[in-house]
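Read top to bottom, the protein sequences are chains B and S.
The first sequence begins at 686 in my numbering and counts up one residue at a time.
The second sequence begins at 19 in my numbering and counts up one residue at a time.
A portion of the hints provided could be inaccurate.
As the list claims (entries may be wrong) - Computed cross-link-like contacts, BS3-like style, restricted to lysine-lysine with a CA-CA straight-line distance of at most 30 Å:
hint: 1; chain 1: B; residue 1: Lys797; chain 2: S; residue 2: Lys352
hint: 2; chain 1: B; residue 1: Lys1037; chain 2: B; residue 2: Lys858
hint: 3; chain 1: S; residue 1: Lys212; chain 2: S; residue 2: Lys268
hint: 4; chain 1: B; residue 1: Lys804; chain 2: S; residue 2: Lys236
hint: 5; chain 1: B; residue 1: Lys953; chain 2: B; residue 2: Lys925
hint: 6; chain 1: B; residue 1: Lys1009; chain 2: S; residue 2: Lys268
hint: 7; chain 1: B; residue 1: Lys1007; chain 2: S; residue 2: Lys64
hint: 8; chain 1: S; residue 1: Lys64; chain 2: B; residue 2: Lys797
hint: 9; chain 1: S; residue 1: Lys268; chain 2: B; residue 2: Lys804
hint: 10; chain 1: B; residue 1: Lys925; chain 2: S; residue 2: Lys246
hint: 11; chain 1: S; residue 1: Lys288; chain 2: B; residue 2: Lys1037
hint: 12; chain 1: B; residue 1: Lys797; chain 2: S; residue 2: Lys351
hint: 13; chain 1: S; residue 1: Lys295; chain 2: B; residue 2: Lys925
hint: 14; chain 1: S; residue 1: Lys288; chain 2: S; residue 2: Lys246
hint: 15; chain 1: S; residue 1: Lys505; chain 2: B; residue 2: Lys797
hint: 16; chain 1: S; residue 1: Lys246; chain 2: S; residue 2: Lys268
hint: 17; chain 1: S; residue 1: Lys64; chain 2: B; residue 2: Lys974
hint: 18; chain 1: S; residue 1: Lys268; chain 2: S; residue 2: Lys288
hint: 19; chain 1: S; residue 1: Lys236; chain 2: B; residue 2: Lys897
hint: 20; chain 1: B; residue 1: Lys797; chain 2: S; residue 2: Lys513
hint: 21; chain 1: S; residue 1: Lys352; chain 2: B; residue 2: Lys804
hint: 22; chain 1: S; residue 1: Lys212; chain 2: S; residue 2: Lys351
hint: 23; chain 1: B; residue 1: Lys797; chain 2: S; residue 2: Lys288
hint: 24; chain 1: S; residue 1: Lys246; chain 2: S; residue 2: Lys212
hint: 25; chain 1: S; residue 1: Lys268; chain 2: B; residue 2: Lys797
hint: 26; chain 1: S; residue 1: Lys64; chain 2: B; residue 2: Lys804
hint: 27; chain 1: B; residue 1: Lys953; chain 2: S; residue 2: Lys246
hint: 28; chain 1: S; residue 1: Lys351; chain 2: B; residue 2: Lys804
hint: 29; chain 1: B; residue 1: Lys897; chain 2: S; residue 2: Lys246
Bear in mind the hints are in silico, worked out from the structure with no lab data behind them.
Fair warning: this is a prediction, and the values are worked out from it, not measured in the lab.
One letter stands for each residue in the lines below.
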Amino acid sequence: MRRQAAQRLVAALFALLALLFGVLIVSAHAQAAAGADVSESVPNLLSLAGIARAWREFWAIVGPGGKLHPAYFLEHKGHLVIEAALIVVIVYLALQHSFKVHPRAEDPLTDKEIDQLCKEWTPEPLVPTLPESERIEPTVITGIDGPYVYVQGRKEKVLQMAASNYLGMAADKEAKDVSVAAVDKYGVGSCGPRGFYGTIDVHLELEEELAKFYGTEAAIIYSYDVATVASIIPAVTNRKDIIVCDEFCSYAVQAGYTVSRSRLRTFKHNDVADLERVIQELEAEEKAKRRPLCRKLIIVEGIYANYGDLAPLDRIALIKEKYKYRLMVDESHAFGVLGATGRGACEHFGLKPEQVDIIAASMSHAMGSVGGFCVGDRTIVDHQRLSGSGYCFSASLPPYLAVAGINMLRRLRAGTTPSSGGSSGQQQGDKAGSGGAGEVLPKLHSKIRAFRTDLMRGVPGLKLYGGGVLSPVLHLHVAKPVSEAADTAALRRVAELMLTSGCGGGVGGVLVGVPQYASIEHRRPPPSLEIFVTLGLGDKELGLAAGALRKAAKEVFKQ
Amino acid sequence: MEDFVQPPFLVIADTLFVLSCCMLFGRLRDFVCWLLNPFGQRKKGKEGYAHIRDPTEDFYLRRMYGRIVDCWNRPISSAPDAWFDVMDRKRIKEPSGQDVAEIVNTGTSTRCLNLASYNYLGFAASDPYCTPQVVDTIGQLGVSGCSPRVLGGTTVAHTELEDLVAQYLNVEAAITYGMGFATNSSTIPALVGKGCLILSDSLNHSSIVAGARQSGAKIKVFRHNDAKHLDALLRQSIADGQPRSHRPWKKVLVIVEGVYSMEGEACNLKDVVAVSKRHRAYIYLDEAHSIGALGGTGRGCCEHWGVDPRDIDIMMGTFTKSFGSCGGYIAGKKPVIDFLRRHSPAHLYACAMAPGCVKQVTAALQVVMGLDGTGRGAAKVQQLHDNANYTRARLLEMGLDALGSWDSPVMPIMTYSPAKMVALSRELLQRRMAMVIVGFPATPLLLTRSRICISAAHSREDLDWALEQLDELATLCNLRHGNTALKAHMEASLKDHIRRHFGEAAAAAATVAGLANGTFDPYSYRAGGGKKAVATVGGKGGKEVQEKDGRKHGHVASASGQQQQQQAAGSGPASPQAKRARKESSGNGSANGNGVAHVEPAAAAVSAPVVVAAANGVHHGGAITAEVEVQMSTGKAGSGKGGKAAAANGGHVRNGKASGVVANGNGFHRSSSPVANGRSDVKAYIRTEALVS
Ligand SMILES: Cc1ncc(COP(=O)(O)O)c(C=O)c1O
């Protein structure tokens, strides 16, 4: 439409100029004719000489110095005419609202019609009615005691395997003490975003500790786990940029790329060849369309929260370097668990901190606090301080949660030198928690391995996803899936039985979770039973849990 | 409001001139830098990777924002109470370098009046009722649940809070989340999606924008607080249907905020509700800044306007502001909340709110609702409104362009020119006042402002002192714009406000000037002619101390290691200490106007207000640790409750077994009064670690 308008405009301009010129020529000729010798008759165009004369005469008028030469014309105030014409054109254009050529618009709706339409419109209800089967009352916890919890309606304590308190820090005595001290000093909330006096010294301290722990230039903390990744992604990419993401990435990542509105491609879960194929396609497209260099990001999770397996980071890092993409790893479940010092899956796969551009993680798993953080080089972190929406526009982390985080990091770090003996405060079980990362992490790893190996020997009707990978998140899927609803119901029944059928020894049962997924998820993972292996669980507890699981599964799946 | 805040022509010209100079010099400096060192210098990004920050943005950051970074992100080292410690910083790299100037902490801090934090009801610091409960909860339920609500993160604290929130708001049910931002950004997409329409106020918070974007619904923006425009948009949109397909919309959601955080303006809720109801659009009300702050009993925007909360389909709010904790809630009809429990991502995947934070909110809500057995909550709300209206009236009287609605604790002062904004911020900090400044891109370029957040913890002296300083600064920065239109509007809206809340007689007498000089007191028109319930919840001004001691750290500067006791019987001698003690104790209970604390049955266990100042060696730098044993003796019958342990700056106080008192050492003004549980002697061991420079 715009093109059409432009064409019309040019045409109009030409027509106008032609008209002008015509008028000028005629007037000039009239002038010339008036001043010319009368005796000189009109040349005879039939003879050569006549033609030559005519040409000469014509040239005398039109050529340089002639009265019809543009220069003559301009010298004799002719420019005024042109200017005037141009002004007319400009005024004409200005009076037109735009170049828009109005299609023959239908008559706009009258007020009455609008009223009628508004009256007729009936909205859907705000929310659909929830089927009774989907209404689930979660287990309510009334107290925590090491790896055990007390739940409402039951007297005996139950094993807590539905919380990712991997190092037992959340219920740890020292962690509680430092938190209480911080509450005394700082109160609970920070009452402001980081920019507006919501930065408390302990936030800076935690950021420093995190950077030191990871050996990166800088770190930044967010006040909530799902907001972390969901803020980082839109901060570092926008409409023009490219995101390549594993198809199994969790909601936070999905939220992040949706808000960023970047060009998104997904690759098959943990399939590095597919990742390379996707990238090659993208690169070809970029080249074909000659797009300028844009920000390109690969997003994976160190340990997939919804599946419990690890991303092959060593191979992904090679691809990333080959095609010069930035790599972002969500280390939520791997931080504090994997690697020799607990830095997560990147360390587990032997990646150096500078090989990964953005490491983000939740503080609500191994750290035993709440919130999230991101570590990376200074540019990336500083950029988030101005562009991370969850950072800029939300109150900062309650100081006592930051203090709990600092405490955890210090103790994990101190653990690398075996001389220290920071206690993880396990009142229960086998005192597994004593010692730093040096002994703590191998201990946790051996527990994970032992429990996974145990379950791999078979659970009736269920299948452990990922098999023997070193991951504390266990997802057991139904071996012969029927439908999402039926499977979920069955798994929920298993969880219920595990909680209620006592395991003896004063233990009332095992609390495990059946994750639910929102309808807005782009891709819902299959129903699963989710179990977390934590440091506080001794051999005895792990045995109890496996036993309870088998018993419950057997009953439900009747095998 | 926007109609009244037109920057004067000269200011516009000046601002544009200054900004173009800044740009010119910035470019020039970049050029010179390049000349001096054409290679290197500018830290090149990794080869082959696009810059994380685009070049124009980068230029503005380095050359413009870089000059004024010190005005934001100022760290503090204490609770964000009425007075707090702002850490001193210094610039170590001039912005002539290529990066944003770096600022480091010097290790010292300055006690400043806090006009920045969203501590509306004064629950930010430790509180005699809330803090012991928080401490207990941390002991009982751990630091964190480490699990989403649906798996293993739901605790008794959570269910208790959700019930209480529903009760407080007078709705059927409520659900809580660990972060206000995530509450918005995950609830909106759960409620609306493709084929739905969102009508959003033009000044809505970024969390709402994030949620709306995630939802995939069509977003239209209506003019700020303009119900007429909303109506027009609604009519046209419903008539037109979805773009291109022209199918009818599935649902229409109107999203507004209770109080706009950068305007201080309360939502025009009545009209918005009327318009939305007429068109059967659903209403989503974000009460982040209004819950606890607006309305006679702190129940938010609905109470403020007399709107039935059941007319609001989704009530959202946060706990980060009035309740001094973290997190947010959604409240509404049971089916809606049930649906969110099943389908809201933040409920399903995010870690549950930390139990300690949950308890803080519960306890604060109990105080506000009067469930703690005292009138402290009601007094706090009243004090907040009183403080806010007084401050706003004084600011207007000074000729400043102070925006916002009456009763709203947020009041921006228009500076218009960014340069003045920065000057104001720095000068304020010099004078030990912390105030937020906001400029482009958070506001339009020519509408930069400075923002005051009033708290119930502020005492009248605090505010008077602050206003005096602001008055001087208004002259210094030339901030009096003589905006008569605004003045007239505020005058009219005051009358309207007073009419709605105090009746016709009060409205007739109400003037801004009267409010400012204290001749008009709306509460005297209340039935029973009740005086103002509260003398102060907060404490004494730092200035007072400063004058007395000539020292920076006002609150440390109280008597050193001294113990002073005062019988607080009504007839007690009127020494300054006694006056203060009485005043403070009256802040805790309900008190009458003449400074005599009166006893409530619930507070039968009374102890005379004891003011103990524990502060040693104020002047010597370094950390000082003082162990002071405090004796709190009971007073005679009829005296006010509450003893008081005031420890030095930044110290924290822990008592023995007695009563779970956690008196935060914020100096005299904190009325952290232990309830002595009927014991005659309470031994509190105060450990004070004062970091004094
Ligand atoms: C209107 C509004 N909604 C939501 C939020 C976010 O709340 P929170 O700080 O708890 O994340 C804010 C905070 O500034 C706000 O002003």
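Evaluation of the provided hints:
Distance check on the hinted pair: Lys797(B) and Lys352(S) sit about 37 Å apart at the alpha-carbon level, beyond 30 Å; violated. A threshold of 30 Å between alpha carbons decides the hint, and for Lys1037(B) with Lys858(B) the separation of about 34 Å lies outside it, so the pair is violated. About 9 Å separates the Cα atoms of Lys212(S) and Lys268(S), which keeps this hinted pair within 30 Å; it holds. With a C-alpha separation of about 21 Å, the suggested pair Lys804(B) and Lys236(S) falls inside the 30 Å cut-off, and the hint holds.
At roughly 23 Å between alpha-carbon atoms, Lys953(B) and Lys925(B) fall within 30 Å of each other, so this suggested pair holds. The straight-line distance between the Cα atoms of Lys1009(B) and Lys268(S) is roughly 44 Å, outside the 30 Å bound, and the hint therefore fails. A hinted pair counts as satisfied when its Cα atoms are at most 30 Å apart, and Lys1007(B) with Lys64(S) qualifies at roughly 13 Å. For the proposed pair Lys64(S) and Lys797(B), the alpha carbon gap of about 62 Å is over 30 Å, so the pair is violated.
For the proposed pair Lys268(S) and Lys804(B), the alpha carbon gap of about 15 Å is at most 30 Å, so the pair holds. Between Lys925(B) and Lys246(S) the CA atoms are separated by roughly 37 Å; this puts the pair beyond 30 Å, and the hint is violated. At roughly 59 Å between alpha-carbon atoms, Lys288(S) and Lys1037(B) are farther apart than 30 Å, so this suggested pair is violated. A hinted pair counts as satisfied when its Cα atoms are at most 30 Å apart, and Lys797(B) with Lys351(S) does not qualify at roughly 34 Å.
A threshold of 30 Å between alpha carbons decides the hint, and for Lys295(S) with Lys925(B) the separation of about 40 Å lies outside it, so the pair is violated. Proximity of Lys288(S) to Lys246(S) is assessed by CA-CA distance (about 12 Å); at most 30 Å being required, the pair is judged to hold. For the proposed pair Lys505(S) and Lys797(B), the alpha carbon gap of about 41 Å is over 30 Å, so the pair is violated. A C-alpha spacing of about 23 Å is found between Lys246(S) and Lys268(S), which places the hinted pair at or below 30 Å, so the restraint holds.
This hinted pair checks out: Lys64(S) and Lys974(B) have alpha carbons roughly 24 Å apart, not beyond 30 Å. A C-alpha spacing of about 25 Å is found between Lys268(S) and Lys288(S), which places the hinted pair at or below 30 Å, so the restraint holds. Simply put, Lys236(S) and Lys897(B) have alpha-carbon atoms about 45 Å apart, too far for the 30 Å limit, and the pair is violated. Proximity of Lys797(B) to Lys513(S) is assessed by CA-CA distance (about 38 Å); at most 30 Å being required, the pair is judged violated.
A distance of roughly 27 Å separates the Cα atoms of Lys352(S) and Lys804(B); the hinted pair therefore holds under the 30 Å criterion. In summary, the hint linking Lys212(S) to Lys351(S) is supported, as the alpha carbons are separated by about 23 Å, within the 30 Å threshold. With a C-alpha separation of about 25 Å, the suggested pair Lys797(B) and Lys288(S) falls inside the 30 Å cut-off, and the hint holds. Of the supplied pair hints, the one linking Lys246(S) and Lys212(S) holds, its CA atoms being roughly 26 Å apart against a limit of 30 Å.
Using a Cα cut-off of 30 Å, the hinted pair Lys268(S) and Lys797(B) holds, with the two alpha carbons roughly 22 Å apart. At most 30 Å may separate the alpha-carbon atoms for a hinted pair to count; Lys64(S) and Lys804(B) exceed this at roughly 60 Å. At most 30 Å may separate the alpha-carbon atoms for a hinted pair to count; Lys953(B) and Lys246(S) exceed this at roughly 50 Å. About 25 Å separates the Cα atoms of Lys351(S) and Lys804(B), which keeps this hinted pair within 30 Å; it holds.
Note on Lys897(B) and Lys246(S): the hinted pairing is violated, with a Cα-Cα distance of about 55 Å set against a maximum of 30 Å.
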